[in-house]
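Asks: So you can see what is in the structure, the chains are spelled out below.
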Amino acid sequence: MRQLFMPVFVSLWLMGCADQTWQTKDISGLMPPLAFDLVDENGNDVTADQFLGKSTLLFFGFTHCPDICPTTLARLDAVIQRLEGAYRDDIQVLFVSVDPRRDDPTTLSTYTNAFGPQFIGLTGDKAALDKLTRRYRVTYGYGEEDSSGNYDVSHSSAVFAFNEQGEARVLIRDSDPMDAVAADIKRLVNEG
Amino acid sequence: MLPTPLANLPRPMRILCLTLLLFFAMPSVLFAADLQISDARIRLLPGDIPAAGYVTLTNAGENDTTLIGAESAAFDNVSIHQSVTQDGVATMQHVDQLTVAAGEKVKLAPGGYHLMLMKRKHPIDVGDEIEITLLLRNGQQLNAKFHAGAPTTQ
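Chain order of the listed sequences is A and B. Under the UniProt record's numbering, think of the first position of the first sequence as 1, with each following residue one higher. Under the UniProt record's numbering, think of the first position of the second sequence as 1, with each following residue one higher.
Calculated directly from the structure, the hints in this document are not laboratory data. Careful: at least some of the hints might be erroneous.
[What the hints assert, rightly or not] Ranges of calculated distance between the beta carbons of each label pair, as one might list FRET restraints:
#, chain 1, residue 1, chain 2, residue 2, range
1, B, Pro46, A, Pro177, 25 to 35 Å
2, A, Gly192, B, Pro123, 38 to 48 Å
3, A, Asp49, B, Ile68, 47 to 57 Å
4, B, Lys121, A, Arg137, 38 to 48 Å
5, A, Leu52, B, Arg137, 53 to 63 Å
6, B, Glu131, A, Gly149, 18 to 28 Å
7, B, Gln154, A, Asp104, 34 to 44 Å
8, B, Gln154, A, Tyr151, 25 to 35 Å
9, A, Lys25, B, Lys121, 35 to 45 Å
10, A, Asp45, B, Ala102, 53 to 63 Å
11, B, Gln97, A, Ala86, 45 to 55 Å
12, B, Thr58, A, Asp179, 21 to 31 Å
13, B, Asp39, A, Asn113, 24 to 34 Å
Note that CB positions come from ideal geometry on N, CA and C, so glycine has one too.
Excised from the complex, chain A in its bound form (with noise of 0.2 Å):
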């Protein structure tokens, strides 16, 4: 018994050390770092390299989407308003539009500012915009205009997390828990 003992605590030990599994979809090396070329809120061309030194939460939506992006932004902000103050101004989410058509900078500042300081609203062309998604092997696509011009936009329903050196680390998805999402942010933010 006696000889079991140390082993045992040893092990458990070490496993406590290395507990630190993402609680979400882990992307850490699957997924490229964080590049592109975008316009965002005031009409200004950005690179990714601009919004380094933050952890990034990426999201690929529109703003005419009444159910799912709102639904996927107020869970990410229900999230960061739980985090503690110093880690809130440590995380940035991006929301890309991947309908610069409907979505101006001044259409994508409104919207973005409604969920708070940490939402930035990114945009376009479709060149710039296909690069992206594509390199995080994501599609869009637009559907039928109806009598009033409205029409649907398809997107990824999924939140790509990087750190701050803008590595990706998880993917975050609408079916994982909010304490799962809180912890691995946390996380992320951490890490630094």
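Place chain B on chain A using the hints.
Replies: Here is chain B on its own, set in the frame of chain A:
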């Protein structure tokens, strides 16, 4: 007095019969009461961006009830939509009808069925109560007050 056989009945009986007739003449009241509405809310988005309406429909009656649309004096266009996520891609589909089976409950909730509320006719603020009429296949209409919430509400 009344040129009907009812006139011959004693007064309390006559009132009872007339009351019953009134109910039979208005089945809408009876049917509509079978579908109970709860948790009716709107998640507002800024400007004229379409908002989503959510509500829980509970069919306490013995007949299936089918929602075929909705309208509101506050919006030019109201339709039933469903968000569908397949292989990580989210799309929205128009829903022509949504049946609430007898004794069942259907939730119009984030990530699934919702009312797409387009083109506001007047500004709406967080906290406002907006009346929306649900149209049922049996011709009945159900009015409900939807509470307008902030974009960050779940």
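Asks: Honestly, do Lys121 of chain B and Arg137 of chain A meet the 38 to 48 Å range at C-beta?
Replies: Taking Cβ atoms as reference, Lys121 of chain B and Arg137 of chain A lie about 42 Å apart, which means the hint holds.
Asks: Kindly confirm whether 45 to 55 Å is satisfied by the beta carbon distance between Gln97 of chain B and Ala86 of chain A.
Replies: holds, 51 Å
Asks: Honestly, do Gln154 of chain B and Tyr151 of chain A meet the 25 to 35 Å range at C-beta?
Replies: holds, 26 Å
Asks: Taking the beta carbons of Asp39 of chain B and Asn113 of chain A, is their distance inside 24 to 34 Å?
Replies: Holds, since Asp39 of chain B and Asn113 of chain A (Cβ atoms, about 28 Å apart) stay within the stated range.
Asks: Using the beta carbons of Lys25 of chain A and Lys121 of chain B, state whether their distance is inside 35 to 45 Å or not.
Replies: holds, 43 Å
Asks: Please check whether Gly192 of chain A and Pro123 of chain B have a Cβ separation lying inside 38 to 48 Å.
Replies: holds, 44 Å
Asks: Within 53 to 63 Å or not, the Cβ separation of Leu52 of chain A and Arg137 of chain B?
Replies: holds, 56 Å
Asks: Does the beta carbon distance between Asp45 of chain A and Ala102 of chain B stay inside 53 to 63 Å, or does it fall outside?
Replies: Once the Cβ atoms are compared, 59 Å apart, the range 53 to 63 Å for Ala102 of chain B and Asp45 of chain A holds.
Asks: Is the gap between the beta carbons of Glu131 of chain B and Gly149 of chain A within 18 to 28 Å?
Replies: holds, 26 Å
Asks: Given a hinted range of 25 to 35 Å, is it respected by the beta-carbon distance of Pro46 of chain B and Pro177 of chain A?
Replies: Because 29 Å falls inside the window, the suggested range holds.
Asks: Can the suggested window of 47 to 57 Å be confirmed for the beta-carbon pair Asp49 of chain A and Ile68 of chain B?
Replies: holds, 52 Å
Asks: Starting from the hint 21 to 31 Å, judge whether the C-beta atoms of Thr58 of chain B and Asp179 of chain A obey it.
Replies: holds, 30 Å
When held up to the earlier numbered hints, the structure conflicts with hint 7 and nothing else.
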